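Participant: Residues per chain are reported as follows:
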Amino acid sequence: MNALYSGSLAPFAVLLWPLLIGVVPVVPRWRDTALRLLPLAPLPALAFAMAGAPGAVVFPDLMLGVELAAGPDSALLLGMTALVWAVAGWYGAQTMARGREAGIFTGFWCLTLAGNLGVYLAADIITFYVAFAAVSLAAWFLVVHDRTKAALGAGRVYITLAVLGEAALLTGLMIGAAQAEDLQIATVRAAFTDAPLGPLGVGLLIAGFGIKAGMVPLHVWLPLAHPAAPVAGSAVLSGAIVKAGLIGMLLLLPEATGWRMVLVVLGLLGAFGAALWGLTQRNPKAVLAYSTVSQMGLLLVLVGAGSQGVAYFALHHGMAKGALFLCVGMMMLATSPLQRRAVLGLAGSAVLSVAGLPLTGGALAKLAAKEGVGDMLSLALTLSSVTTTLVLGWFLFRLADLPAKPAQIPQWRGLFAAIAGLAALALALPWLLWPGAVALPRGYPFQPATMLEGLWPMLLGLVALALARRLALPDYPPGDVLVFLPTQKLRPVLQLPVGRQGRLYRKRPVLRLLLMCKLAERWLLHWPIAGSALMGAALAFAAMVWFAV
Amino acid sequence: MTTALPVLLLMTSLLPAGVTFFLAQDSHALRNALQLGGAVLKLALIIWMLFAVADGAAYEAEFPLAPGLVVLLRVDALALLFISLSATLWFLTTIYAIAYFGTKAELSRFFGFFSLCVAATTGLALSGSLISFFIFFELLTLSTWPLVAHKQDKPSLRAARVYFAYALPGSAALLWAIIWLESATGPVLFTEPPDLSGLDPAALRAIFALFIIGVGVKAGLVPLHGWLPAAMAAPAPVSALLHAVAVVKAGAFGVVRVVYDVFGAENMTALGVGVPLAIVASFTIIWGSVRALQQDEIKKRLAFSTVSQVSYIVLGAALASPLAMIGGLVHLIHQGLMKITLFFCAGIFDERAGVKRIDGLNGMGAQMPWTSACFSIGALGMIGLPPLAGFVSKFYLGLGALEAGAPWVLAVLLASTFLNAAYFLPILYRLWFLPLASGAKGDDRAPGLVVPAVVTAAATVGVGMLAASPISPLGWATLIVTQGYGP
Amino acid sequence: MSLTLFALTGAALVGLGVYGLLARPHMLRRIIAFNLIGSGLFLFFGAAAARGTGLDPIPQALIITGIVVALSASALAVGLVVALARSSGTAYLPDEEGRL
Amino acid sequence: MTALVAGLTLPLLAAFAAIALPMRARVPAALLGAGLTLAASLWLAVVVWQTGPVTLSLGGWQPPIGIALRADGLGAALGVMTALVMTAVALAARHEMAASVAGPRAGFGFWPLMLLLWATMNAAFVSRDLFNLYVVLELITLSAVALVAISGKAEAIAAALRYLLFALAGSLLYLAGVVLTYAAHGTLDISLLAARMAAPSDALALGLMTAGLLVKTALFPFHVWLPHAHSAAPAPASALLSALVPKASLLILLRLWFEAMPDLAAPAALLTLASLGAMAVIWGGLLALAQARLKLIVAYSTVAQLGYIFLVFPLAGGDGGAQVWAAGAWTGAIFQTLSHGLAKAAMFLVAGIYLVAMGSDRLSDLRGMARALPMTGFAFALASITLMGLPPSGGFTAKYLLMTAAFASGQWAWALVLAAGGLLAAAYLYRPLAAIFARESAVAPRAIPRSWQAIPLGLAVLSVALGLLSSVPFEFLQIGRPDPAAEGL
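Residue numbers (the numbering used here), protein chains in the order written: chain F, 3 to 551; chain B, 141 to 627; chain D, -2 to 97; chain X, 55 to 543.
With the rest of the complex left out, here is chain F:
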């Protein structure tokens, strides 16, 4: 037996704490308490991230040897994730109807959270895989929480894709690990380059992570799940959970270049296609979902292009998108026109940031992202602002049309403040992190050229939006590709013809045989026959012996 662990327990505590909260609702009496504790769950993680994610720990006996440590990118995303989860958690705690369902929700909320934090902290593939499985499978409960037909349907699609993703991921990891003969993420990553099935492994990893990261065409679950999930759920799904796929790619995809082109192409496809498709949606959450797909598309492009600003960009998008989803929630809960206007304003500011209005966090993120990706791609990034403006503007209109529910909740203001805080951070935090995260000079965002480059696409987008509102946009159900796929036809394939079980024997022939034997026996019984046979036997033996000797 070796030592139980070595290193600092801080990373472990970060994961343990939400899990502890998660088991509280097992006791029915404590359910409501647990729900109230939700916002506290990610706080240790937040503190840990703000401290710069120091320390690493190894548990040799746990699972296949658990190792926890956070790299720079991870630290950044860890903080963002914690933040989004905290705010969304508070929203959930305030708005969620109490009861058994809420208990289940709380438990799996915490499990998902732990998984989501785990993917940033894991240093060995098993831990990473476990965390990833936790975040993607447990999130199913967040999707189906409302138990409505839409929610369950979305849940079915989600779980199917999630399981597929898990399997692809596992296989990919195996291919790497078999070559590396080690479970360290770094070694496995390096091993892909000369693993016999390396390309296959990378492909599987991309697929596995791509599903989570909403990569076209594996994104179909996303526009279904986000609208179906309760607001708090969609906030974390869209803001934080999708980033799990991103970090996976950052950590595990090898240096080799073969796969990068794929990511770039698929990313661009998502970035523009999804944004435009978002215009066919009426439900603001669905629109947001498509915008998420498009933003993630940009991120994939960046990963493919090997940009340094991925985490930085993701940080901003996570917080902004989280805020936007929560805004939808607030809008539903807004009772007075004042509140509605406030929400619209808040959402608007977040939208502007995401669209990349100069001097906002979003703009900084884009600038950082463009660094060293080549002209073509930076142009693409610039152009993406057009579609982003378009789809998010569309979102604002949808949001404005959203009918209010007369549900009066006590801490509307508090919640609004918190969300506003989140949005503010989305705008401001990039400024704070700028010197550390980006290699560009401090004054770069203020240069007129830069500002202009940020501005004209937005104007273009606004024009397009004005035009778009003129012409009658089609109204499609969410889940583009899926809607046109005949999924129901797959069902009969599984219902293979049922073969017959083995039997001792098929009765009739045997009985017939036995009957024949009985008759023959009676025949043999007749002495003349038997007797002559006997004499014959005697002579036969004699003859045999005679001829042999």
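Some chain B residues well away from chain X (every beta-carbon gap over 10 Å; in silico):
1. ALA144
2. ALA169
3. ILE187
4. PRO416
5. VAL420
6. PHE423
7. GLN435
8. PRO509
9. GLY545
10. ILE567
11. TRP572
12. LYS581
13. GLN623
Just so you have them, the derived chain F footprint on chain B, three or more residues with Cβ under 8 Å:
14. 551 to 563
15. 597 to 606
Which chain B residues stay away from chain F? Per the calculated CB distances, all over 12 Å, these:
16. MET151
17. LEU176
18. LEU183
19. ILE186
20. PHE241
21. ASP335
22. THR622
Hint data in this document are derived by calculation from the structure and do not stem from the laboratory.
This one's a predicted model, so the numbers in the text were calculated from it and none came from an experiment.
Glycine is no exception: its CB is placed at the ideal position from the N, C-alpha and C atoms.
Given chain F, put chains B, D and X in place with the hints provided.
Facilitator: Frame of chain F; chains B, D and X shown alone:
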């Protein structure tokens, strides 16, 4: 070293069996004391030996029958792996069975054959020579038959008949193979692999095939698996025993023995029989899952999932690579834990809520939280959800497949994962999400039934969570392989 | 010369007996057939005994024994036939009645 | 020496006593005689085990003039088996053949017949003289036939007559062979014959004797008399008939081919013998499968089980280089003879108990007997295990040895027969087992004392123990083993 320990180990279940037969039906206390006492004693013995064996020691006891018929009992790491499983689960299943049957009829007969069955399994695990393996293999068949037929109603009698109709030809094939082999090599001891040069490759292939058919019947290799679903007519503790402890495991264990102790990895590769075996196993894995998907009785579905899961072990043996070997061996334990959990739960659903079919499980999660939770854990483990037991074995199997240069196995593992998900998740969904059917009700206030399930479910989580620790099944399997066993 | 005669006679007796044994379903006839065969064999045996110089005493002893054995066998057989006839009213074995 | 004589004389004396003594004393006298004979047989076995084969020339006359008796491992082993079965049957008959149960005639006749049979069996096991063997065979036949007819029922008498018909024909064939042999060689002593100059008439002689012995051993297709005879006799008698009587002629057949005239072993003849055996295995199995009465099933299984033994003719000597033993096939055949004897006797005794308890042995009437009389059910199950050849029973050891020889000599076909026979046995024994262990709790109209139930159980246990402790019997059978047994014919 030669000691009486192996015999003692055997006796811990053989003696209770012998005595129990002659106990009066209503002497419950004495009977239970015998059974549990034997189990506890056996566990104690195992733990006592674990440490010595971990250092590479081996206990032996030999009984010569007619010349050439050597019954050799040998406790080595591999044997201990299997025995510790059977002993632990025997203990739990006994508790479960005592609670399950209460004061029903024919208990002395039942528990007599029950522990006899375990004794046979123990002997099987301890066997150090082919012939003793065969002897206990047969004893197992004979002692299981009355258990399958226990209810003595039409279905169970039919099940018993089908079981015999499969098992006996199987053992005939096995005997045929053994004797064919030994007629050329002389008596085969597992410790010294036989010299196969006396037989030409064609004959060796035929022998190998016969061996696989012989043990494959018990291991439920398609197309020899027909008896397994039929045997579902037996009472739940029996199913648990059949599926997790004794019969199918004996088959899988037999495959391991045949592959590594009779033929050896090199010969197997030289003869080119490894890949066909792997293919058969893979086909079984898929086919079993597909058929499971079509069942709407809980136990039937579980039965077919056993067919599929046990072939993981066969697959691990067939791939002839150390990691796959570890995966297979560890799955021997893990599948046992998970599957027995599932069967315990299925039995509880039947006993406490009268639910036999899957659609009857709607909303039972709230009614029978403990049972449903255990069932869920077992099911998720089967699917291979990390960090549960099933994941560990699957991971090692996958690595082993790559190591052995058979990446197509990964596809098989994947397909089976999906199929597992496809036939287990709906059950969980019904348990936890669908509303309770009107008039349906159940509770799991039956500690005797629930506690064993909870223990095994906890174990399912535990062995996965602590896989890397040296005392875990994985650690033990690794020890076996590093001790030079297998490829 | 006479020896061959004995032997031939014995052989003939055996032949007769075998025919009767196979062809006659009536049990008494069969018993008689047995005795015919037996006698034939003993005759042959006696002939065979007179080999080379002098007489070999052993066959005499054996023949006597054989005759005794054959007698007891016949006795039992006859007894059984009688019993059969008493119990079932026929001296034929079941379903051999009337056969040639 | 003394043991040898005792084994022959004690049962005869007891038989006389069972006739001469007053009513009350007969059964006790018979039982006493049985006990003493059992002791004698065991004693003889011990002597053989310690000092090797025991030879005795009656009246000091050496062969060819006199008759030699020789107890080798084979003979002594069969003697012990016979003694065990006989004793068990005697104990069972104490209940079953009591005048009150079986009627005065059977009650009186059974004991002397049984003891006479015993004495003649023992004689058959040790005698070395072909003509002496003829006499012994004849006596065995007569007492056996009498035992069949003892109930006096019409069907029993018919069966007995048919049996007698076949048996006498066999004896005459055998006698003819003996006569020819003597005519050719002037001796009938097996040991002397082994050293003879081969004569042209030997072929005919051997053929005649073999055919005659085949009838008495009830080898297919000459088995037809057996099932009816065995099922018509009262159960204890059937036990003797099935378990012991065929073994005597079988033993002579073995002695003839392996000891007296191994030089005449023609491949074709060996093949024919074995194929007849194989057909017996299959045919007997199928017909057993077709029967509805327990005793008939058991009787037909005798036909099948005897078939195995004939595989020894081509297989003997086929032990290959890899084995640790010689004469595996030969010993296997003897193991089959012994274990079948014990198991079959047990089965018939069980059937007898059921007949007494239920008044019928139709399977339909035996449902749930295991509940009413658990020990009998257990006994039948154990015996079945032996007959199916499942480990660790004696039947398994036999099959294992024979099968190994089959493979070692490359004659796989016979191994196939062994395997198929085992499966058939499983099939036809499954039905009675299923019936006996059925859930219906049959209420036996007549209570059966445990001491009686224990008898077949004891035999069945012995038949299994024979496999469990097979090393000693194995060694024992090698004592005075003929060389061809190891070298093959």
